[in-house]
Every structure is written in structure tokens, then in C-alpha cells.
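Novice: Could you build all of it, start to finish, from the sequences and the hints given here?
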Amino acid sequence: MADTATPAVGPDQASMTIEKPRTTSRRFRPSGSAMVMAIYLLFLMLPIYWLLNMSLKTNTEILGSFSLWPQNLTFANYQKILTDPSWYMGYVNSLIYVVMNTVISLAVALPAAYAFSRYSFTGDKHLFFWLLTNRMAPPAVFALPFFQLYSSIGLFDTHIAVALAHCLFNVPLAVWILEGFMRGVPKEIDETAYIDGYSFPRFFIKIFTPLIASGIGVAAFFCFMFSWVELLLSRTLTSVDAKPIAATMTRTVGAAGVDWGVLAAAGMLTIVPGALVIYFVRNYIAKGFALGRV
Amino acid sequence: MNKTVNQKAWFLVLPVLVLVAFSAVIPLMTVVNYSVQDTFGQNVFFWAGLDWFKEMLGSERMWSALGRQLMFSAIILAIEVPLGIYVALHMPKSGFWSSFCLVTMALPLLIPWNVVGTIWQIFGRVDIGLLGYTLEALGIDYNYTQNTLDAWITVIVMDVWHWTSLVALLAFAGLRSIPDAYYQAAKIDQASRWAVFRYIELPKMAGVLMIAILLRFMDSFMIYTEPFVLTGGGPGNATTFLSIDLVKMALGQFDLGPAAAFSLMYFLVILAISWVFYTVMTTLDAREGK
Amino acid sequence: MARITLDNLAHSYLPNPTTEDDFALKELNHDWTDGEAYALLGASGCGKSTLLNIISGLLIPSQGRVLFDGVDMTTAPTADRNIAQVFQFPVVYDTMTVRENLAFPLKNRKLETAEIARRVQKVSAMIGMDNELDRKARGLTADAKQKISLGRGMVREDVNALLFDEPLTVIDPHMKWELRTQLKKLHQDFGHTMIYVTHDQTEALTFADKVVVMHGGRVVQIGTPQDLFERPAHTFVGYFIGSPGMNLFDATLNGTQARIGDATVDLGKSYAASGRTQIGVRPEFIRLHAGGSGIPARIDRVEDVGRHKIVRLSVNGTEISAIAGEGDEIPAGTDRISFAPEGINVYADDWRVAATGEDAA
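Protein chains in written order, with this note's numbering: chain S, 1 to 294; chain P, 295 to 584; chain X, 585 to 945.
No lab work stands behind these hints, which were simulated from the structure alone.
Honestly, I wouldn't trust all of these hints.
Label-pair ranges, simulated between beta-carbon atoms [stated by the list, open to error]:
#1 Ile644/X <-> Asn437/P: 50 to 60 Å
#2 Ala38/S <-> Gly654/X: 42 to 52 Å
#3 Val103/S <-> Ser393/P: 54 to 64 Å
#4 Leu311/P <-> Phe200/S: 41 to 51 Å
#5 Met89/S <-> Ile320/P: 24 to 34 Å
#6 Gly859/X <-> Gly32/S: 48 to 58 Å
#7 Gly32/S <-> Leu496/P: 18 to 28 Å
#8 Glu191/S <-> Ile320/P: 35 to 45 Å
#9 Arg355/P <-> Asp84/S: 22 to 32 Å
#10 Trp569/P <-> Ile644/X: 50 to 60 Å
#11 Phe673/X <-> Ile153/S: 53 to 63 Å
#12 Ile153/S <-> Leu311/P: 16 to 26 Å
#13 Gly859/X <-> Ile195/S: 49 to 59 Å
Calculated cross-link-like contacts (lysine-lysine; reagent style PhoX-like; alpha-carbon spacing at most 20 Å) [unchecked claim]:
#14 Lys481/P <-> Lys694/X
#15 Lys125/S <-> Lys302/P
#16 Lys187/S <-> Lys302/P
#17 Lys706/X <-> Lys694/X
#18 Lys297/P <-> Lys187/S
#19 Lys125/S <-> Lys348/P
#20 Lys481/P <-> Lys691/X
Calculated from the model, a selection of chain P residues having no Cβ within reach of chain X, i.e. all distances over 10 Å [as the list claims (entries may be wrong)]:
#21 Ala372
#22 Ile482
#23 Ile494
#24 Gly526
All residues carry an ideal CB built from backbone N, CA and C; glycine is no exception.
Specialist: What follows is the structure, given as C-alpha cells:
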């Protein structure tokens, strides 16, 4: 590298004192960054704003005129959803299976992640990769076999069926995230606890779990997220009793065409739980998305 | 960290094993089972060997769906990864605005996928959607339900809207782990902005970027709900990606045998590509740990 | 290389500092002589890193100026100051080889390839890494990485000053000694102006020609290691430097004499001071007696640290220390101490008072 003959740009002493234009442009960078972020956030928010805008209009206004904000503000669309059980039960169903899935995923993933982070055993690497492959499995591949499996054991249209089906991709993810966080906890802590006479379960619950609390939070967040946003499996595995809100939305296509206002309001309401969850984990989001690997 | 050899650790892994075996292995066996049999209905099956696989491998339909799928994944990776890094470089590092950006950016990630489709379906409509209306007002002929190119652009913009934040958040996490001293040293060395990115920021982000690319590749390769809601796979078959085609085949036409064979090959393609990513990633991890 | 002048310099991290307490760095005037090795010594949070960052241009001071050879550089960006800095944690470009790391600052300054190669060769020999030039920097040990970051500064031969921000923190103890010796030798051979920030007095005293002691955002003394030892300008210097630190006794002054408790001590010189007056005596200058004149004291314990013995005593309820040679007998029944006259310093409100007729230190 040192021997390649690149032409000299200038005598060294002289070029050293030249002030690069870069130094001045850097001084303007903060406002430049703000512009970039403003444009990006605007891009993210506009479609959502439009949904909100529509949800606060009547259907006549939506179809009749074009306006950037509601001219006749109405909450009728939301009222309809929140008073009609066939609508709001959709939310309840979704929340039930999402919470079930999160609890199950974490309960089985915690010990497994501990094993992967602390011990080596026959086949551990293959097992870990095999787990990850399930995260890679397209739900479309599994939709039909799931339908048949759960129908044959009488679990079709129950919350637990959806919760178990979502474990397919959430358990591997939870193991992966937790393993990353657990690797960050020094092994000496385990050893000290055993020397102090802690049994494994007591050590795990009393000492270890608090140490990786943020990791558990992040894993729970991801389980919640992927279970909440998934539709293909949850729709295939339910018909009435456990039907998720996202599937209920298709009902807005009726004989009289699409009920745009209610559709938009239902859409807005599906964003709320996600927004709440994000708000609570906002300080861990960055690290969480890196799966504890930063 | 050096690990102790302990075969009893299998007991800790057992619950995961049972659960995932139940929800993955049994259904997968069903798929394999279908893929080698044929039926004329009434639950009468007979052995078909590898015929379905042969048929699918020779099928124009599958290859074109695979082509569209690869093109889609390539395009969105080519847009989302650089854009995500670019956004991450401009995010406020701390304080209120940092939290604000994080929360706002994470929002699209938690919207149910069919709602994402619905949002863009509405947003792009010429009569009631802001985007479609504005484009038409500007004199641009835009209709994502009729025009193939418009449909592709809309689906891609939707995916960029939906997932770029994931890449950005990962890249941001990587950036935040760089100590200030690196930037100060670079200033002292008179490194250009590009050199700072190339020699400090990019190497530190390499690990998380691999995760980002892996996740984005897998998820874009499996994409179903959003384009299905937005375009229904149309116009024609223009946006019929692998999953959409598969569901059409399995649940729409009940062609179980071909669909199952299709599923298995689909899964294998994802596995093969992901395995490459995973190997690269673990090698990177190991090198960092040195 | 350059003379660095700090002119009425002060810094506060608050936007509108009002009282003196708001300043992380209190007003300061000082000339850093060209080619000398300085150590900035003080406890964590005393403002030494703030001062270093002002010199390197990472921080713009709230008041005052920084001059390099008389040219105002107060607001000049780091890149224009032509300084080099070695940080607490090794900063190397992981993906580059050692050679590329060393060449990096020169390439950015658009030097000729042949000149770059020549200097890289020279510097790698200086830091003893000429056999590892083509290794990737990623896998190297912490001390090798620190040598590279030092080398990146030294390849720029006209560098105004080399700044070190606690550079040995992450280095193994046995390597610390070697690196410090190398640094010292590099300074002797090439005569760069060096400013070395540390909280370790041994590092400071062995490395520097002049030690700048900081306390609570203020420079309390600038002097040679000998000055700091014999004539600490501030009680903090006395306490911070030396192991154990200087003993302090509350005293009332009366001409050439001082009263400590009930005892009277002859100072040998006359002092005029007001405020809270104290007498500072390093443990090395405390003599132990059994009976006779002196200040009553009681031995609590004796610690043998190998080279010498440290005797811990109580005087009027406060603990003080004395040092006795390894071979010296501690007199049986010691109950009095006295001071060697050359080891006595007088303080008023923590600042040293010069004896009448003595040159102010």
C-alpha cells in the first residue's frame, strides 16, 4: 500500500494548514440532521394522520369532499366500535391471545436461553440454529397444517390455539434475545450464588432474573409486537369466539360498500396498544432492537 | 465467555423443544406428507412420490413468483438498509428528542399488518387518499390497482414506510455504543466525514446491521398480509409474491399436493439464504469477542 | 511544536454561571513551555479533563483565550490545532492494519506516499511495533493499541503537543511501567510538548518535568516533583502527594514559634499570617522521642511496607503518620514527636505562607 505511486497533492507543510470546507459545513450539521429527521418522521406520520383524519369524518364527508382535516368532527365511528360487542370483542380476543403467547414464550424461553448462554452440551449449536429456522418459517407454509392440527385436537377457534401457533416464531426470538442479554451477565455471579448456598431455582428467580430484567422486558415487547401484528395465522385458526380485531375489520365491506369511517377508526384503535407498549419501553428500544448484542 | 460442558442443560431446553416440536414439527410433517401424496377428495390419498416437486420445479407460475419475490426483497433491502443507516446517523443521540424519535419511529412496527395494508390502500386511493389525490392533482396518472409499476412502487414505499425504522433503530443502537473518544480521535486525525463513517461507524455497526439484514430478508421473503390487503396480488399477478401464491394455491384452490411441495421448497430457499447470513453473523460475533 | 498560553481561561458547563462554584474550571493563566513534559494531576472531577479538552479544542471555554505560539486558537477546531491525543481507552481503527492506522493522519493531510512510508517506518520503530505493521489492529492487546494511538500522534512530526488522557488506565500493571518508561524516553529523544492527565501521583511524578496539581477546578500548584514534595503550595498538594500524605496540625502562630495544643514548636523562621493557620509536616520529617520536649503523641500501630516503616500516631485525637527507616529502631515508650526544621511548612486558609524574607514559591 505504501509503495503505490499516487501523485502528491501538495507539499505536506502547506496542505496541513488548509482549512477544509468540511469544518464549516459540520457546524451546520445539527440543523441538517433535524431536517432529515423531520422529513422522515413526516413520511412516517402522514399515512397515520390520514387514517386519523378519516376516522373523525362521516362517510358522506369522506366520499363527498376532500379535506386535510375533518370539517364536521364526529366520534360516531369510534362510538360504534366501542359499543358493539362484535367489534370490541375483537380487541379483547386479540389481547387475550397476545398476552397468553407472551407469557408462554417467556416461561419456556428463559431456562432455555440460560442453558444456551451458560453451558455447552451435545448438539447445542444445531439446536439453536434449528430454533432460529422456525423464526424463518413463512406463516403461509404453516397456515393449512395448523388449521388441520388444531381442528383435529379440538382447539380450533380458541385463544390458546393462536397463542401456541405464534410460539412458532416468538419462542425462537425470545430465546435469541434473552441469550444475548444473559451472555452479558458475568458467570461469576452464578458461581458466587452457588457458593452462598442458593439452589438453582432460587438463584434464578431471586438473583438472575432481576439482573436481566431489561432483557425480559425487551423479549416481552417483541413477543407482544409480533403476536399483535400477525394476521394470517390468527385469522386461519379462528372463526367467531377468538376472532382477532384485525380480522374483524374485513367486515366493514358490506352491501352498501365500504364503511370507510369505521374502518379507519378500527385501524386507529389497533395502533393504540402498540403505542402504549412502545411508550413504556422507550428507553430500552434501541438496545432491544439490537437483541442485546451491543 | 467459555462455557462449561453440562449435558443436564438439555433439561432446561426441554420445554422449548416440546413446544416448538408441537407447533413446528407436527405441521411440517403434515406438509411433507401432503407433498408426496395425491388425492381425489374424500380423504383418499395415494403415493405420488416426488411428482409434485417435479411439477412445481417445472411450473412457470412458481418461478415467476420466485422471481418477483427475489426482486422485491432485493429492492427493499437496497432501499431500507442505506436509508435506515442514513436516518440513524441523523438521530439525536440523547434527550427528549431522542426518545421522541425512537417512539415515533417504532410506531409503524406495531401496527397490525393488515392495518398497514389498509392505511396504504386508503392513502393511495385517488378519490379519498392524500397520496393518490395529490398525485392526481399534480397531473400524474397514478392508479395502483390498474398499473403494474404503480402497484410495485406503492408496495415498496409501503414496506419502506413500515420497516425502515427497524433498520434505523438497530443502526442507532450500534452507533450509540461508540465511545466519544473515537470521534475525537478522528477529528484530531483530520478524518473526513466519509472516513469516520467508513472506519469507525460502519465497523461498529457491522454486527447489528447483519441482524437487520437477516430480519429484513426473512420477513420480506415471507411477506403476505400487507400486499394482499393493498393490491390482492394484482394487477394480474404483478404483486403476487411467494406467500400470496402459496395461500392461493393451498386455501383457494385446495391444491394440497403442489402447495405442500411448493411450501417445502420455499422454506428451503429461506433456510439456505438465512444460514449464510447466520454463519457470517456468528463469525462476526466471535471475532468481536476476541 | 509550540508554546501554549492560557490567558484568563475559565469554563463552566452551565449557560449562565454566576458564582465561582458554577465553574468547572476556575480562572487560570499559564504558559506551557515548548518541549516540556507536564502532568496534570488531581482527583476525579477536579477539572483536569475539562482543561485538556479546552487545549485540544473539543471544548470551547466560557471565557479567556488559548494561544499557540501567540496565535489565538480558542475557537479553532481540533483539526487545525495540530495536536495529538491519546485517550483513556485505546482508540484504533479496528478494520485497518497497524500500518494503515499509523498512516491514516498523514493520508488525511495528503502527504506524499513515499514520505508517509518513511515516517510510518520510523514511528513504528520508535513504538516498537515494526514487526507487526501488517497485522489487523482488531486483535491486538490494549497496550499495543495504546502504542498505536500514540504513534498516530507522533507520525505528525510537527505536532504542537501530545496530550494524554489517563492513557494507562486499561493497561496491565506490569506493562504500565514499561510504557511509561518508553514515553519518557520518547520525550527525551524528540522533545515534544507533552501534557499527561492522571490521578496517579506515581505516574505524574515519574513522567513529568513539571506537575500541575488541580483541586476543585483550580490549579493549586505548578512545580517540579521536588517542589511539590518539599514545599506544597496548598494543603491539598501536601495531602494528595506523598504516601502517606502530609500531616496537618492546627496551630497558632507567634513570630518564630507556633503553638500546637499545649506544646510550642520552634519554626526557625518568622511568619506573618492570618486566618486559619496550620502547620504541615511530611511523615518523612517527623522524629519520634521517648520523653523530652515535643508534642505529646501515642503510637497506634506500626506498618512495615518493606522499604520503610509507617508509624501511625494519635496527637490530640487526630491521626498522623511518621516514616522511619527500615533499619531504624522505634524508641521504646515513644510519647513525643518533633519536626525536622527543613520539613516545616506553614499554611493559612489552606494556602502556604512564605516565611518573612523567603522567596515566594
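Novice: Are the hints correct? Go through all of them and say.
Specialist: The hints, checked one at a time:
no., hint, result
1, Ile644/X <-> Asn437/P: 50 to 60 Å, "holds (56 Å)"
2, Ala38/S <-> Gly654/X: 42 to 52 Å, "holds (45 Å)"
3, Val103/S <-> Ser393/P: 54 to 64 Å, "violated (28 Å)"
4, Leu311/P <-> Phe200/S: 41 to 51 Å, "violated (19 Å)"
5, Met89/S <-> Ile320/P: 24 to 34 Å, "holds (30 Å)"
6, Gly859/X <-> Gly32/S: 48 to 58 Å, "holds (56 Å)"
7, Gly32/S <-> Leu496/P: 18 to 28 Å, "holds (20 Å)"
8, Glu191/S <-> Ile320/P: 35 to 45 Å, "holds (40 Å)"
9, Arg355/P <-> Asp84/S: 22 to 32 Å, "violated (42 Å)"
10, Trp569/P <-> Ile644/X: 50 to 60 Å, "holds (52 Å)"
11, Phe673/X <-> Ile153/S: 53 to 63 Å, "holds (57 Å)"
12, Ile153/S <-> Leu311/P: 16 to 26 Å, "holds (19 Å)"
13, Gly859/X <-> Ile195/S: 49 to 59 Å, "holds (56 Å)"
14, Lys481/P <-> Lys694/X, "holds (15 Å)"
15, Lys125/S <-> Lys302/P, "holds (16 Å)"
16, Lys187/S <-> Lys302/P, "holds (18 Å)"
17, Lys706/X <-> Lys694/X, "holds (19 Å)"
18, Lys297/P <-> Lys187/S, "holds (9 Å)"
19, Lys125/S <-> Lys348/P, "violated (33 Å)"
20, Lys481/P <-> Lys691/X, "holds (14 Å)"
21, Ala372, "holds (23 Å)"
22, Ile482, "violated (5 Å)"
23, Ile494, "violated (7 Å)"
24, Gly526, "holds (47 Å)"
Checked against the numbered hints listed earlier, the structure breaks hints 3, 4, 9, 19, 22 and 23; every other hint is satisfied.
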